[in-house]
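Those protein sequence lines, which keep their order, are chains A and B.
So in this note's numbering, the last spot in the first sequence is 1378, and the numbers never skip.
So in this note's numbering, the last spot in the second sequence is 133, and the numbers never skip.
Be aware that a few hints might be false.
Unchecked claim - Reference excerpt, derived from the structure (chain B facing chain A, CB under 7 Å, subset only):
{"id": "1", "residue": "49"}
{"id": "2", "residue": "60"}
{"id": "3", "residue": "61"}
{"id": "4", "residue": "110"}
{"id": "5", "residue": "119"}
{"id": "6", "residue": "121"}
{"id": "7", "residue": "123"}
{"id": "8", "residue": "124"}
{"id": "9", "residue": "125"}
{"id": "10", "residue": "126"}
{"id": "11", "residue": "127"}
{"id": "12", "residue": "131"}
Rather than coming from a laboratory, the hints here were simulated on the basis of the structure.
Note that the structure is predicted; figures quoted are calculated from it, not measured.
Glycine included, each C-beta is placed from N, C-alpha and C at the ideal position.
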Amino acid sequence: EDQVTQSPEALRLQEGESSSLNCSYTVSGLRGLFWYRQDPGKGPEFLFTLYSAGEEKEKERLKATLTKKESFLHITAPKPEDSATYLCAVQPNTGFQKLVFGTGTRLLVSP
Amino acid sequence: GAVVSQHPSRVICKSGTSVKIECRSLDFQATTMFWYRQFPKQSLMLMATSNEGSKATYEQGVEKDKFLINHASLTLSTLTVTSAHPEDSSFYICSASGRGVIQPQHFGDGTRLSIL
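Only chain A is shown next, with the shape it has when bound in the complex (with noise of 0.2 Å):
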């Protein structure tokens, strides 16, 4: 079955502490790992797609890697806009298009 799980399910930093979320997964066979931010009340905002085993991928202050069963969002510098849940999802080669999600890592950024 395939399955993602992240960690830790909450994460408190300060601001300008750098750390890094965890997505852990099994799947079949990956077609891609999608990383989304959710504010609460909205839905997810996509970050990025991870399609490959040593990939990485930048935006502003956060980056994704990905290796054969896990990914990292590493958080540099974190400021309190970066607040947020973090979700994870992977698309398996079978079953068209579909993702399957971790429950998330929430991450409050305080001044």
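Given chain A, work out where chain B should sit, using these hints.
Same frame as chain A, but now just chain B:
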């Protein structure tokens, strides 16, 4: 780019009422649209997948006659919750993706449905 609009953002209605939620892709053609349900502090649960002009594919355990999905055009899909009851109260979110196998899904801002 890749904007998805979902309407309404919030609905409060009496038990037994049918509620229609619209999902529109504003700046791209959405060959596939998805409907999710999200419970507090939980992740997204896929309800159904729909392709333009064809019947929706429902996930196991989702009642087809309760949750009617129509994907009549490349920019519009609707979810109708028929004869809604309090247990149908939830946060419903749609997403859309364009042509191509590995396309990210772009999400609407969700609809908070409360059945009294």
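Hints versus structure:
no.	hint	verdict
1	49	6 Å, holds
2	60	4 Å, holds
3	61	5 Å, holds
4	110	5 Å, holds
5	119	5 Å, holds
6	121	5 Å, holds
7	123	6 Å, holds
8	124	3 Å, holds
9	125	5 Å, holds
10	126	5 Å, holds
11	127	5 Å, holds
12	131	13 Å, violated
In terms of the numbered hints stated before, the structure departs from hint 12 and from no other.
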